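Q: For reference, the chains in residue letters:
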Amino acid sequence: MSENRSEIEPRPPMTAAPYAREAHVALPLVLLGAVLVALVSLPFWGDGSLQRTALEFFYFLALAQAWNLMAGYAGMMSIGQQAFVGIGAYSLVVFAEDLGLNPFLTIPLAAVVAMILALPSSWLLFRLKGAYFAVATWVIAETVRLAVNANIDWLGGGRGRTVRSLGQFDRHLREDLGYYAGLALALIAVFGVFFLLRSKTGLALQAIRDTENGARAVGVETRRTKRIVYLFAAAIAGATGALIYIVQINVRPDAAFSINWAAYVIFIVVIGGIGTIEGPILGTILFFVLRDLLEGLEAWSMLIFGLIAIVMMLFAPKGIWGVMNAHRPVPLFRTARKLPARFKADEGEA
Amino acid sequence: MALLDVENISARYGLFQALRGISLTAEEGETLAIVGANGAGKTTLLRAICGALPASEGRILFDGEDIAGQPASQLVQRGIAMVPEGRRLFPSLTVEDNLIIGSYPKRKGVWTKDKVYELFPELVKRRMNRGLDLSGGEQQMVAIGRALMSNPRLILMDEISLGLAPIVVNQIYRSLPDISAAGTTVLLVEQDLNRALSVSDHVTCLLEGHVELAGVSREIDRQALIDAYFGASQ
Amino acid sequence: MIAISTALNGILLGGLYALYGLGLSLTFGIMRTVNLAHGDVIVLATYLSLLTTQILGFTPLMSLVVLVPVMFCIGYGLQRLVLNRTLKDGMMPAVIITFGLSFVIQNGLLLGFSADRQVLRQGAVETMGVTLAPGLTLGLFPILTLGVLLVLIFALQAFMGRTLLGRAFRATSDDPNTAELMGIDGRKIYGLAMGLAFAIIAVTGVIMGIRSNFSPFDGPARLIFAFEVIIIGGMGSIYGVLAGGLILGLAQTIGGAISPTYFQLAGHLATLGILAVRPSGLFPETIEKG
Ligand SMILES: Nc1ncnc2c1ncn2[C@@H]1O[C@H](COP(=O)(O)OP(=O)(O)OP(=O)(O)O)[C@@H](O)[C@H]1O
Ligand SMILES: [Mg+2]
Numbered sequence: 053m054s055e056n057r058s059e060i061e062p063r064p065p066m067t068a069a070p071y072a073r074e075a076h077v078a079l080p081l082v083l084l085g086a087v088l089v090a091l092v093s094l095p096f097w098g099d100g101s102l103q104r105t106a107l108e109f110f111y112f113l114a115l116a117q118a119w120n121l122m123a124g125y126a127g128m129m130s131i132g133q134q135a136f137v138g139i140g141a142y143s144l145v146v147f148a149e150d151l152g153l154n155p156f157l158t159i160p161l162a163a164v165v166a167m168i169l170a171l172p173s174s175w176l177l178f179r180l181k182g183a184y185f186a187v188a189t190w191v192i193a194e195t196v197r198l199a200v201n202a203n204i205d206w207l208g209g210g211r212g213r214t215v216r217s218l219g220q221f222d223r224h225l226r227e228d229l230g231y232y233a234g235l236a237l238a239l240i241a242v243f244g245v246f247f248l249l250r251s252k253t254g255l256a257l258q259a260i261r262d263t264e265n266g267a268r269a270v271g272v273e274t275r276r277t278k279r280i281v282y283l284f285a286a287a288i289a290g291a292t293g294a295l296i297y298i299v300q301i302n303v304r305p306d307a308a309f310s311i312n313w314a315a316y317v318i319f320i321v322v323i324g325g326i327g328t329i330e331g332p333i334l335g336t337i338l339f340f341v342l343r344d345l346l347e348g349l350e351a352w353s354m355l356i357f358g359l360i361a362i363v364m365m366l367f368a369p370k371g372i373w374g375v376m377n378a379h380r381p382v383p384l385f386r387t388a389r390k391l392p393a394r395f396k397a398d399e400g401e402a
Numbered sequence: 002m003a004l005l006d007v008e009n010i011s012a013r014y015g016l017f018q019a020l021r022g023i024s025l026t027a028e029e030g031e032t033l034a035i036v037g038a039n040g041a042g043k044t045t046l047l048r049a050i051c052g053a054l055p056a057s058e059g060r061i062l063f064d065g066e067d068i069a070g071q072p073a074s075q076l077v078q079r080g081i082a083m084v085p086e087g088r089r090l091f092p093s094l095t096v097e098d099n100l101i102i103g104s105y106p107k108r109k110g111v112w113t114k115d116k117v118y119e120l121f122p123e124l125v126k127r128r129m130n131r132g133l134d135l136s137g138g139e140q141q142m143v144a145i146g147r148a149l150m151s152n153p154r155l156i157l158m159d160e161i162s163l164g165l166a167p168i169v170v171n172q173i174y175r176s177l178p179d180i181s182a183a184g185t186t187v188l189l190v191e192q193d194l195n196r197a198l199s200v201s202d203h204v205t206c207l208l209e210g211h212v213e214l215a216g217v218s219r220e221i222d223r224q225a226l227i228d229a230y231f232g233a234s235q
Numbered sequence: 005m006i007a008i009s010t011a012l013n014g015i016l017l018g019g020l021y022a023l024y025g026l027g028l029s030l031t032f033g034i035m036r037t038v039n040l041a042h043g044d045v046i047v048l049a050t051y052l053s054l055l056t057t058q059i060l061g062f063t064p065l066m067s068l069v070v071l072v073p074v075m076f077c078i079g080y081g082l083q084r085l086v087l088n089r090t091l092k093d094g095m096m097p098a099v100i101i102t103f104g105l106s107f108v109i110q111n112g113l114l115l116g117f118s119a120d121r122q123v124l125r126q127g128a129v130e131t132m133g134v135t136l137a138p139g140l141t142l143g144l145f146p147i148l149t150l151g152v153l154l155v156l157i158f159a160l161q162a163f164m165g166r167t168l169l170g171r172a173f174r175a176t177s178d179d180p181n182t183a184e185l186m187g188i189d190g191r192k193i194y195g196l197a198m199g200l201a202f203a204i205i206a207v208t209g210v211i212m213g214i215r216s217n218f219s220p221f222d223g224p225a226r227l228i229f230a231f232e233v234i235i236i237g238g239m240g241s242i243y244g245v246l247a248g249g250l251i252l253g254l255a256q257t258i259g260g261a262i263s264p265t266y267f268q269l270a271g272h273l274a275t276l277g278i279l280a281v282r283p284s285g286l287f288p289e290t291i292e293k294g
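Residue numbers (our numbering), protein chains in the order written: chain A, 53 to 402; chain B, 2 to 235; chain C, 5 to 294.
Treat the hints as calculated values from the structure; they're not laboratory data. Keep in mind that the hints are not guaranteed to be accurate.
Label-pair distances were calculated between CB atoms; the ranges are [said to hold, decoys possible]:
no.	chain 1	residue 1	chain 2	residue 2	range
1	A	Leu349	C	Asp93	28 to 38 Å
2	A	Trp175	C	Ile6	30 to 40 Å
3	A	Leu359	C	Pro73	20 to 30 Å
4	C	Pro73	B	Lys109	28 to 38 Å
Here chain C is said to cover these stretches of chain A; the calculated rule only asks that three of the stretch's residues, wherever they fall, bring their Cβ under 8 Å from a Cβ of chain C [claimed, not checked]:
no.	stretch
5	121-132
6	139-152
7	160-172
8	181-191
9	297-304
In silico lysine-lysine, BS3-like type, Cα no more than 30 Å apart, as pairs [to be verified]:
no.	chain 1	residue 1	chain 2	residue 2
10	A	Lys181	C	Lys192
11	B	Lys109	B	Lys126
12	C	Lys192	A	Lys252
13	C	Lys92	C	Lys192
In this text, all values refer to a predicted model and were calculated from it rather than measured experimentally. The beta carbon of each residue, even a glycine, is placed where N, CA and C say it ideally should be.
Sequences are here, hints too, so could you generate the full structure?
A: In structure tokens form, the structure reads like this:
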């Protein structure tokens with residue numbers, strides 16, 4: 053907090069040419085291009101296990117970006133995104149299995165379903181603030197999980213359903229298609245957040261993050277902006293849910309609606325750096341490295357993840373990305389606009 | 002030795018410097034008025050003295066000891082009480098509880114609940130009401146009484162006439178002599194120059210974060226004070 | 005007769021839920037943040053009681069002599085050494101830290117005690133019943149639970165209303181900055197509040213362990229029940245906790261009477277329903293800060 057404060061020198065209004073073009077802006081672009089080429093061509097040179105890991109990486113990245121947009125920018129601490137992961141998974145079951153649609157087509161449909169169901173839940177949730185909002189998102193996720201569990205016939209109850217129609221695809225084809233769908237989803241999440249932040253909504257978001265009252269003072273429609281973000285995050289989680297179970301095939305409510313979807317994602321964002329686009333990317337990489345190191349140590353690994361989250365919050369609340377950039381800010385994604393100093397909350401009162 | 006000796010303090014909100022090298026002294030038992038236009042830094046000065054806002058530079062000597070940097074909660078124990086701007090009663094506490102909470106520092110002295118009710122008899126019938134059910138004047142009385150309950154040596158009062166009808170203001174100001182009579186030093190912020198001069202021994206006028214004019218209230222040149230208030234000399 | 009018995013059992017169950025909610029309501033009322041590890045701390049207390057019975061040979065209820073002060077210190081330490089460091093950065097750090105803590109406790113218990121379900125053995129009192137009418141027998145221990153709850157609620161209410169420290173708690177809850185001007189050190193108050201909540205949790209944990217078996221991963225469900233209790237009852241209100249617990253207990257038992265799978269679901273739906281019609285609960289107490 054205090055480090056950031058020293059940066060808030062009075063600046064010209066941010067609408068007018070917020071960033072000077074810098075010479076080394078090209079480097080991140082080259083880097084980004086190289087990574088993209090490598091990822092697109094991965095199925096041709098990588099082996100199956102690498103491809104599966106990469107796919108997993110994509111969906112965690114997508115979830116992390118969406119959560120970071122919600123929590124890091126819009127101040128909505130959700131621990132209930134697993135509701136939409138599960139809804140996405142069951143959309144796959146219904147559309148692909150019951151209605152016979154192409155499973156890959158269900159990914160965007162799952163996003164839409166998640167968004168539609170997110171709307172009424174936003175009516176309830178937006179009455180609550182802060183920590184209350186957080187637990188309420190969880191209650192909603194639990195309610196959906198139990199409702200699905202209770203519904204024995206249609207959705208298979210606690211034993212879940214298997215998406216048999218996926219059998220129509222050759223395994224390699226299914227994995228390749230899944231891989232590209234995952235890549236597309238991750239890119240949509242990353243660039244969706246990027247463009248959202250650079251739009252007018254983004255400016256409103258940063259105002260909300262810095263101070264909700266300040267945001268109201270500059271005439272930001274807080275509620276509408278938050279709702280856009282909430283629905284966007286739900287859509288990403290829904291699509292991710294469908295994608296995850298295209299690969300895993302068996303949908304069980306306790307797994308699809310597991311709190312771990314939220315827990316891992318929060319861990320990823322916290323360790324990477326909350327409130328930046330780079331943070332979740334770095335966080336997802338670190339998460340995979342850590343998970344690999346702690347492989348086979350089930351309970352220990354969860355315990356260590358929990359400890360790391362606590363320690364990060366205490367000593368590096370801006371995450372590893374924040375630590376790396378403490379002295380020399382080199383954002384890959386230039387979204388971080390700063391509000392004029394007069395909108396900042398006072399240290400004492402806030 | 003003066004009870005309060007503020008030496009050249011500065012304070013800031015972020016990068017905005019609200020106080021720029023302010024000095025003033027207050028002798029034990031006297032009443033010092035601080036005047037100044039909106040935004041001059043009066044509230045900030047009181048907050049710096051009572052420890053609610055750290056001064057970035059300078060010293061604040063209270064009874065000869067530098068107290069700059071000590072938190073407000075400790076300074077109350079040492080005898081600096083604040084009647085904050087806007088009264089700020091605790092809304093979920095009754096009038097009586099608001100007064101009792103004022104005695105949290107457990108300092109001995111003449112002020113007790115009964116003494117406060119004697120000072121402001123209007124409050125007696127309101128003792129079980131919550132703070133927000135009271136009129137502005139009654140709220141102000143509770144806020145003053147609450148500060149007195151800590152038996153302070155120095156009481157800071159920030160615009161106790163804010164938003165009150167003239168009769169009510171008179172009524173509240175009538176309590177000042179009783180407060181001083183107990184030997185308490187009073188530092189009060191007041192927008193109304195005439196009133197400030199009539200109740201105080203010394204007056205200090207702030208302008209944009211510094212002391213523009215200071216003097217003995219009875220002797221000060223009114224026109225000079227008005228000029229200092231509006232910054233006309235610049 | 006079945007209806008009456010369902011209702012009475014719902015009320016008794018509600019007593020346990022209100023106990024879950026009591027500690028959470030206290031910390032929320034004063035610090036305005038939810039301890040996401042609340043449920044796991046309850047389960048931790050249950051395991052600590054188990055440990056005490058095993059090592060010292062105490063009965064679970066006797067273990068409270070050790071447990072209450074120990075839990076108080078853990079809560080006080082957690083607040084002062086960890087959570088107080090993040091106060092100025094809003095509620096997010098506390099939420100994430102306690103979320104992390106929740107995983108630490110669950111997996112720590114798993115490593116220490118295995119995933120097997122355990123019970124606290126208090127003896128005959130566990131299974132004794134009180135027969136009110138033919139076919140209407142209530143468990144003695146659930147009735148005792150309700151009694152403990154009422155004692156705790158009245159004690160807490162008296163502490164908040166009558167003592168100087170209790171008034172300082174309420175003043176800090178209303179406006180920590182002004183409370184500071186009264187000589188109240190908010191950080192210390194927060195520490196004491198968390199300590200007090202943990203002491204209540206110690207009692208809660210032991211009662212829970214005597215009433216039902218438990219495993220390291222039972223915490224989250226307890227947190228959700230506790231949270232629902234305060235959503236229904238009203239944020240930060242002590243009597244609201246009683247109402248919230250009873251309503252949640254009734255909703256669950258009625259739901260469960262219809263079909264076992266509706267047991268928890270009915271409680272969640274009741275909560276969401278109340279949230280829809282009365283967002284600040286039935287007995288709102290805390291003042292919403294802008
Ligand atoms: N919390 C804050 N954050 C940022 N700036 C502040 C804050 N509080 C006050 N200021 C600024 O500091 C300056 C001094 O404010 P202060 O409240 O001390 O003035 P004042 O003399 O008490 O005015 P008033 O008569 O309106 O009460 C003003 O310019 C004000 O805008
Ligand atoms: Mg002022």
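Q: Decide, hint by hint, whether the structure agrees.
A: Hint by hint, here is what the structure shows:
no.: 1; hint: A:Leu349 x C:Asp93: 28 to 38 Å; result: 32 Å, holds
no.: 2; hint: A:Trp175 x C:Ile6: 30 to 40 Å; result: 37 Å, holds
no.: 3; hint: A:Leu359 x C:Pro73: 20 to 30 Å; result: 26 Å, holds
no.: 4; hint: C:Pro73 x B:Lys109: 28 to 38 Å; result: 33 Å, holds
no.: 5; hint: 121-132; result: holds (count 4)
no.: 6; hint: 139-152; result: violated (count 0)
no.: 7; hint: 160-172; result: violated (count 0)
no.: 8; hint: 181-191; result: holds (count 8)
no.: 9; hint: 297-304; result: violated (count 0)
no.: 10; hint: A:Lys181 x C:Lys192; result: 25 Å, holds
no.: 11; hint: B:Lys109 x B:Lys126; result: 26 Å, holds
no.: 12; hint: C:Lys192 x A:Lys252; result: 43 Å, violated
no.: 13; hint: C:Lys92 x C:Lys192; result: 15 Å, holds
Hints 6, 7, 9, 12, counting from the list given before, are not met by this structure.
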